[in-house]
Amino acid sequence: MLSGSPAAGPIQITPEMRARRAEGLAVRREMDARSRIEDQRRWYMSKAAYNDQRFRLWMTITLILEVAGIGAGLVKAFGLLAFTGDLLRTGDLLGTSTMQ
Numbered sequence: 007m008l009s010g011s012p013a014a015g016p017i018q019i020t021p022e023m024r025a026r027r028a029e030g031l032a033v034r035r036e037m038d039a040r041s042r043i044e045d046q047r048r049w050y051m052s053k054a055a056y057n058d059q060r061f062r063l064w065m066t067i068t069l070i071l072e073v074a075g076i077g078a079g080l081v082k083a084f085g086l087l088a089f090t091g092d093l094l095r096t097g098d099l100l101g102t103s104t105m106q
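In the numbering used here, each residue carries its 1-based index in the sequence shown increased by 6.
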């Protein structure tokens, strides 16, 4: 059905669309190029902001894990906890099941 017929609902062509269509081909091409470039620029800016947020999140997680690793290494190096090294067999990392 045609877009202007009663069964199809309201007419879909806006006055802005009609005004653009009335412009010359060169003007329409320029307007379309600007619109497309602006749309792409906005998309890349939003993607860059999203990636910056993800970068900060993963850098924070990495820093926390590195500090935890250094802390665990210091604890083991100074013997503050007794590690049995038998985690796979017993599931007991700290050796608490064998402590008396």
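Calculated from the structure, these hints are not laboratory results. Be aware that one or more of the hints could be misleading.
What the hints assert, rightly or not - Here are the computed distance ranges between Cβ atoms for each label pair: (1) Thr20 - Phe61: 39 to 45 Å; (2) Arg48 - Phe84: 50 to 56 Å; (3) Pro21 - Thr66: 47 to 53 Å; (4) Tyr50 - Ile19: 26 to 32 Å; (5) Thr20 - Ala74: 56 to 62 Å; (6) Ala54 - Gly75: 28 to 34 Å; (7) Tyr50 - Lys82: 33 to 39 Å; (8) Tyr50 - Gly85: 51 to 57 Å; (9) Ile70 - Ile19: 40 to 46 Å.
In this text, a Cβ means the ideal position worked out from N, Cα and C, and glycines have one as well.
(request) Can you let me know if the beta-carbon spacing of Thr20 and Ala74 is within 56 to 62 Å? (result) Check passed, 58 Å falls within 56 to 62 Å.
(request) State, for the Cβ atoms of Thr20 and Phe61, whether the hinted interval 39 to 45 Å holds or is violated. (result) 41 Å, holds
(request) Using the beta carbons of Ile70 and Ile19, state whether their distance is inside 40 to 46 Å or not. (result) Given a distance of about 56 Å, which is not inside 40 to 46 Å, the answer is violated.
(message) A range of 28 to 34 Å was offered for this pair. Does it hold for the Cβ distance of Ala54 and Gly75?
(response) Cβ of Ala54 to Cβ of Gly75: about 31 Å, so the range 28 to 34 Å holds.
(request) Starting from the hint 47 to 53 Å, judge whether the C-beta atoms of Pro21 and Thr66 obey it. (result) 51 Å, holds
(request) Look at the Cβ atoms of Tyr50 and Lys82 and judge whether their distance stays inside 33 to 39 Å. (result) For Lys82 against Tyr50, whose Cβ atoms are near 47 Å apart, the range 33 to 39 Å is violated.
(request) Return holds or violated for the Cβ distance of Arg48 and Phe84 against the range 50 to 56 Å. (result) 55 Å, holds
(message) Given a hint of 51 to 57 Å, does the C-beta separation of Tyr50 and Gly85 actually sit inside it?
(response) 54 Å, holds
(message) Verify the CB-CB distance for Tyr50 and Ile19 against the hinted window 26 to 32 Å.
(response) Hint holds: Cβ distance 31 Å, inside 26 to 32 Å.
In the structure shown, a violation is registered for the earlier hints numbered 7, 9, in ascending order.
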